[in-house]
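Enquirer: In case you want the letters, here they are:
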Amino acid sequence: MSVRELPWSLWRHQIAAVVRLELKKNLFARRGLWIYLLALAPVLLYAAHSFFVIKSRWRGNFGEETHHFAAVFQFFYLRLVIFFGCVGIFANLFRGEVLDKSLHYYFLAPLRREVLLVGKYVSGLLAAAVIFSCSTLLQLVALYWYFDSNQIQDYLYHGNGLLHVAAYLGVTLLACIGYGSIFLAAGVVFRNPLVPTLVVLLWETINGVLPPLLQKCSVIFYLKSLCPVSVPAEITLDHGSPLAFLAVNVNPASTAMAVLGLLTLSVAVLALSSLRLRRMQIDYGVE
Amino acid sequence: MNDVAPNKRIVFEDVSKFYGEVLGVNRVNLSIPSGITSLVGPNGSGKTTLMNLMTGLVEPTRGRISVLGLSPRQPEELFRLLGYCTQYDSFPRGLTGYQFVYSYLRLSGCGHAKASELTVQAIDRVGLGEAAQRSIASYSKGMRQRIKLAQAICHNPAVLVLDEPLNGLDPLIRAETIALFRALSQQGLHLIISSHVLHEVDVISDQVVLLSNGYVVAEGEIRGVRDEIQEHPMQILIRCNNPGALASQVFLQDYVVEARLHHDGRGLLVKTRDADRFYLLLNRIAQNGIDIESVAPADDDVLSVYEYLIGTEEPPQ
Chain A
2 MSVRELPWSL
12 WRHQIAAVVR
22 LELKKNLFAR
32 RGLWIYLLAL
42 APVLLYAAHS
52 FFVIKSRWRG
62 NFGEETHHFA
72 AVFQFFYLRL
82 VIFFGCVGIF
92 ANLFRGEVLD
102 KSLHYYFLAP
112 LRREVLLVGK
122 YVSGLLAAAV
132 IFSCSTLLQL
142 VALYWYFDSN
152 QIQDYLYHGN
162 GLLHVAAYLG
172 VTLLACIGYG
182 SIFLAAGVVF
192 RNPLVPTLVV
202 LLWETINGVL
212 PPLLQKCSVI
222 FYLKSLCPVS
232 VPAEITLDHG
242 SPLAFLAVNV
252 NPASTAMAVL
262 GLLTLSVAVL
272 ALSSLRLRRM
282 QIDYGVE
Chain B
3 MNDVAPNKRI
13 VFEDVSKFYG
23 EVLGVNRVNL
33 SIPSGITSLV
43 GPNGSGKTTL
53 MNLMTGLVEP
63 TRGRISVLGL
73 SPRQPEELFR
83 LLGYCTQYDS
93 FPRGLTGYQF
103 VYSYLRLSGC
113 GHAKASELTV
123 QAIDRVGLGE
133 AAQRSIASYS
143 KGMRQRIKLA
153 QAICHNPAVL
163 VLDEPLNGLD
173 PLIRAETIAL
183 FRALSQQGLH
193 LIISSHVLHE
203 VDVISDQVVL
213 LSNGYVVAEG
223 EIRGVRDEIQ
233 EHPMQILIRC
243 NNPGALASQV
253 FLQDYVVEAR
263 LHHDGRGLLV
273 KTRDADRFYL
283 LLNRIAQNGI
293 DIESVAPADD
303 DVLSVYEYLI
313 GTEEPPQ
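Same order as they appear, the protein sequences are chains A and B. Here my numbering is used: the first sequence runs in plain steps of one and ends on residue 288. Here my numbering is used: the second sequence runs in plain steps of one and ends on residue 319.
FYI, nobody ran anything at the bench for these hints, they're computed from the structure. Just so it is clear, the structure is predicted and the values come from calculations on it, not from any experiment. We put the beta carbon where it would ideally sit given N, CA and C, even for glycine. Any given hint could be a false lead.
Unchecked claim - Label-pair distances were calculated between CB atoms; the ranges are: (1) B:GLN135 x A:VAL200: 19 to 27 angstroms; (2) B:SER118 x A:ALA49: 44 to 52 angstroms; (3) A:LEU261 x B:GLN76: 41 to 49 angstroms; (4) B:PHE253 x A:TYR285: 54 to 62 angstroms.
Please take these sequences and the hints and turn them into a complete structure.
Expert: Okay, structure coming up:
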């Protein structure tokens, strides 16, 4: 059967059906409340910062705040908030169904398991993208809240503001794509996704000191390459900061290569997961 | 069970399934035709494993399975003609009965209109029309059982696999459900039913598969299975006007093992090693003055066969 003869239309309908079922679960499940709180944490941080600045009548520096945002975005938001948020969303796509003993309903439908995997991944991605993109936008609003509206308009329309906002949103989306694929795989392959989560966290943390080839086998390498503002100068190897190894990206990838690399990595991980899913058996008894 | 082409049957060829060190089923060879086939056996005998194997929820450790010519490893084709009502009493969160059935049809690729129509039909068929818009979380055990059944039949499958489908149903619904199974069977469907309620199995089954400790110990039409159990003499109940005289005549035959007056005094229960010769004898006796009202085998039901072959590992109901 050639690629053209494959039932693309049926698969599209089936993916849409899976997404409709899953999206509600991913966005409104009570057990996912902590993900919203996690996404809200940096927003509250910036809101508190702005509040104290207004209270102290101190005049902030736009450039400094932009660098602070870059640092928090790279060290806290990408590496912890989106990372663990994606663990919560994607690792539970299959694992949660096994724990609820409801995965067999999908396996008893006339549905290729690869199609099911794509449908679940897309639903997780939509949920993660909505939650974390909103968080990114709210963080920017909260951070620049206390600035004069003229300054903000200058930054947005005459400086690189809009470009930065778009880049941060793009990086957020790519982080969801990359970490989503990895944690979906973890939920399919491992009975307890905690161990692979810690291994991936360690791998992503030491990425900066790995050989160049190994660096390319991580999500954070591509994300760091795409961040629009570099981290503050204090956090570099030259200054001996303890966070320096997190920041270093000696040979960053070009924008096109970074996007392509991350998408390739994600597709490869999803393809491997689908192979495992094809052989997956329903055995709730051992859970 | 051998008179139909293999692609119209459910075939197990030397199938074994081990869960690690634990035996699920071993060396199962079956060829199941259309009609109602009951899987009978105590807990842990392998009934659910056989059902999970034929639906691809678990993979065999060894052997080959085909369902009407399709492999269970082709879910996209298999489940267009197979519905499975599992024993798992769990559901996707937050769905109403209607959404539960409807979403299955949408997953199958049905459009909205077709899926709605089939959903309403299936839910009406199991008598849940009024509760369709309620959350499944508020359903009773019997209603949950019926909504699972509705999902299994909603796409009009050719094979219906039902794991303990009568569990939790009240007597009225139970009778209606059995009538539904009969109607489906008459439409030419394959119905594979597991049940531990033996008198119900007896009433509805065209054939049975008796399982014990993961092995198939007997299969076929229940009467045929009974005939093959040589070590237990066949029991026959004869209703007549003079059971005492009848007893004195049948006792003279060496193939009659035992003759006992029925407790109501109007019949004789005979145990014989050769039923065919005994029936010929009865014909002669009937011509010689004893008025025989009825002759009926007394132990060719599933309960008796179960006890003869499997014993009392689990008290049958």
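Enquirer: Decide, hint by hint, whether the structure agrees.
Expert: Structure-based check of all given hints:
{"no.": "1", "hint": "B:GLN135 x A:VAL200: 19 to 27 angstroms", "verdict": "46 angstroms, violated"}
{"no.": "2", "hint": "B:SER118 x A:ALA49: 44 to 52 angstroms", "verdict": "51 angstroms, holds"}
{"no.": "3", "hint": "A:LEU261 x B:GLN76: 41 to 49 angstroms", "verdict": "34 angstroms, violated"}
{"no.": "4", "hint": "B:PHE253 x A:TYR285: 54 to 62 angstroms", "verdict": "58 angstroms, holds"}
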